[in-house]
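These protein sequence lines map, in sequence, to chains A, B, C and D. One point on numbering: in the working numbering, the residue at position 4 of the first sequence is 4, and numbering is uninterrupted. One point on numbering: in the working numbering, the residue at position 98 of the second sequence is 98, and numbering is uninterrupted. One point on numbering: in the working numbering, the residue at position 23 of the third sequence is 23, and numbering is uninterrupted. One point on numbering: in the working numbering, the residue at position 26 of the fourth sequence is 26, and numbering is uninterrupted.
If a hint is listed, it holds; no wrong ones were tucked in.
Residues from chain A that face chain C, not an exhaustive set, calculated with beta carbons under 7 Å:
hint, residue
1, Q158
2, P159
3, R161
4, E192
5, D195
6, A196
7, I199
8, S202
9, A208
10, S209
11, T212
12, L213
13, P219
14, Y220
Residues of chain D clear of chain B, computed beta-carbon distances all greater than 10 Å:
hint, residue
15, A51
16, N55
17, V63
18, G66
19, S85
20, S88
21, E92
22, Q107
23, N135
24, S178
25, E180
26, F182
Keep in mind that the hints were calculated from the coordinates and are not lab data. Please read all numbers here as calculations on a predicted model, not as lab measurements. Don't be surprised by glycine CBs; every beta carbon is placed ideally from N, CA and C.
4 protein chains.
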Amino acid sequence: MTTSAGKPLAVIAGYGEGLGEALKKTFENDDYHVVTISRSGGMILADTTDANEVNRAFAQISVLHGTPDVVICNTAMLTIERFFSTTSVRFEETWRSSVMSVFNVAQAVIPMMIKQGSGTLLVTGATAGIRGSKNFSAFSSAKFALRGLSQSLAREFQPQRIHVAHVIVDGILWSPRSHERFPALQRENAIEPNDAASIYLSLAKQPASAWTLEMDIRPYNEAF
Amino acid sequence: MTTSAGKPLAVIAGYGEGLGEALKKTFENDDYHVVTISRSGGMILADTTDANEVNRAFAQISVLHGTPDVVICNTAMLTIERFFSTTSVRFEETWRSSVMSVFNVAQAVIPMMIKQGSGTLLVTGATAGIRGSKNFSAFSSAKFALRGLSQSLAREFQPQRIHVAHVIVDGILWSPRSHERFPALQRENAIEPNDAASIYLSLAKQPASAWTLEMDIRPYNEAF
Amino acid sequence: MTTSAGKPLAVIAGYGEGLGEALKKTFENDDYHVVTISRSGGMILADTTDANEVNRAFAQISVLHGTPDVVICNTAMLTIERFFSTTSVRFEETWRSSVMSVFNVAQAVIPMMIKQGSGTLLVTGATAGIRGSKNFSAFSSAKFALRGLSQSLAREFQPQRIHVAHVIVDGILWSPRSHERFPALQRENAIEPNDAASIYLSLAKQPASAWTLEMDIRPYNEAF
Amino acid sequence: MTTSAGKPLAVIAGYGEGLGEALKKTFENDDYHVVTISRSGGMILADTTDANEVNRAFAQISVLHGTPDVVICNTAMLTIERFFSTTSVRFEETWRSSVMSVFNVAQAVIPMMIKQGSGTLLVTGATAGIRGSKNFSAFSSAKFALRGLSQSLAREFQPQRIHVAHVIVDGILWSPRSHERFPALQRENAIEPNDAASIYLSLAKQPASAWTLEMDIRPYNEAF
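Chain A extracted, bound-state conformation (with noise of 0.2 Å):
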């Protein structure tokens, strides 16, 4: 909706530093007002693997800033580990972390999109959502879960006007935590937090005679 301030409303949930920050960046230069949710360091502090927390968080946004336009969902706990190494609590809480808090969102979200007439979820997905791998069990099969659920969102909610697409981000996102994380990798390997976050408005913005339930972004140079 037109927020107090005369602006569209952009909720992004799973905020933090690399992608989340260009996307607040991205939008707000296009004239969004942008609400951030993350565990710490959001404007709305909220876990969003908790319903009760994504429900007050979204409660609170209503009051303040009115219906989000768009709500991303961009948490991921990135899981890589021998499938012995890894435990029923860690592969349990990589779903939570990527499934559940969409799950959560869109239970919040979605109602209010419907009353208001349109609104556009956009996830954010991975490679390890359309093939699994070795040691990615857990992260692929939490992907994988977010990809179906994706698809059945937008198969249920699109005729009502509600645009739900899922992002195949396929290569790692050039952040100081990535690049700690993997530090062979070179930033021109990467994906550049505001290219991606360029995808995700384009996306916001797509007209409703043509949306796009599913691409994938990758730099030019990767093997894939």
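Dock chains B, C and D against chain A, hints included.
Quick look at chains B, C and D alone, frame taken from chain A:
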């Protein structure tokens, strides 16, 4: 392994009427020793969503019968309902039933199978696992997750001679229960459990130079 | 490249009413110089299924305007008929129209683009290219082939900064001709050519750290 | 049908050493009468890319042996070369060999099979048919096309009891010729033709309540 009775050992987790019974009969007819696990009605009672119960069950099986040659994971909760009718509890249970069960079973049996030098893990998927749909957000998300897990396990363990295969059951398996749930279903439009079971048997017998990761089955007259 | 008029150059192969016209207008509005190729009605007349004609066309373009920055392949023959009504001539023409055209265009322009140091090749796919259907044996087979070709070109040439993208058009593009062919089609259930064209423009403008290989588009109210 | 010799009839189109021979032996061992078609070395000499020769071949088969119960299409031209080394002639031949052959065979045999009330058409696909790659533009495009054709035929004819299945051969079939072409290939990393052939036999024997459209096969030790 060869059981004390001189037969290869097959374990069916998620045993019940319909496919479970048919698998038991089919493998026994092919001279397997078959052990079934179920919350009720199996030869071993265990809730496969609980890692401790799964570990206990396979410890018993190991002592009594040895290391399984084939394990079939057949657990699922067929949730078909509007997204807004799906509680987070139900969403999670649906995932837990399909995915956490296979995680637990794989954690328990793959190490034994590696030690034995071979083993087969067969997993029951669904069309919902390759395509999300309206009213299938929970089930589709769970079956996608199961597919991602199966692919990851195959890629991690096949070089150690553990065959993982994912059967995409694209149709309704005939059983008194499915007949009750879908009263309009004609038997000739359903999958005969014995026919499905023969597919699992053929997967269990594939030679190591020609292993299948994924195959679909459906009735000849199904629109798909 | 920058044309003599100081503008980047876009070439549309398979120009016609509907998407072709919309692409021309959309890219021109974004300050591209646009050249169209078609058997009739294009600025350059050529049958793209014929390698010689394609080579001649791009030789002309090269001399008159320089190396293209963006080439859009938009040729297709929408064959929808029972398999037994499909002659081998028709089957082949359908393939030739979609696939041989792109092969010919890619052979002609990718070397120029590599020399230039960059270039974008955008290809119009269809849902039939990811899923075969009754009465679509010729069209689906051709569109699958086109997808395989697009993926192969992307994997071969992206490291040389040639971006290849395949747009899965899942719906009917609105045009007087499509309206005539599918009289029951309502405009609000069709894809607006201008909306589709804006997708192609956004692909042409993707930064090299976030290139898309595949994206789908469909109207919000389409059952899919 | 039951041949004059009282046996079901299988026809192998694209017969040769390796898989062709193994299929012949495997089906004969299972008490099929087997007829082979090939440009050279088959029991019936015909170029399957030519509709007239295919029609003549099946007319002969029909007169001499009756209507086939199973037809296996096994023709291919394994083109692996840089895109710029691929001539349009070679690109077309690669397509013609894999796709036009199956089109011609399907046109000839499906009507007979429908009249007979049943029949099975088994088609040899490849990983290249589900994923394009560098140096595979011709082969991948052809194998994608074959997959789209197979899916379309399945969806059009399965309700008439014609089973169509597409085997994704993900690996190199062992043969003197493949050994010569890929000298580094170890036999234990290749697919044994007899093992692959047993997959085709199991597809031919699937009961009508559980038909497979697609399955993959690969050696246990393949990285995929």
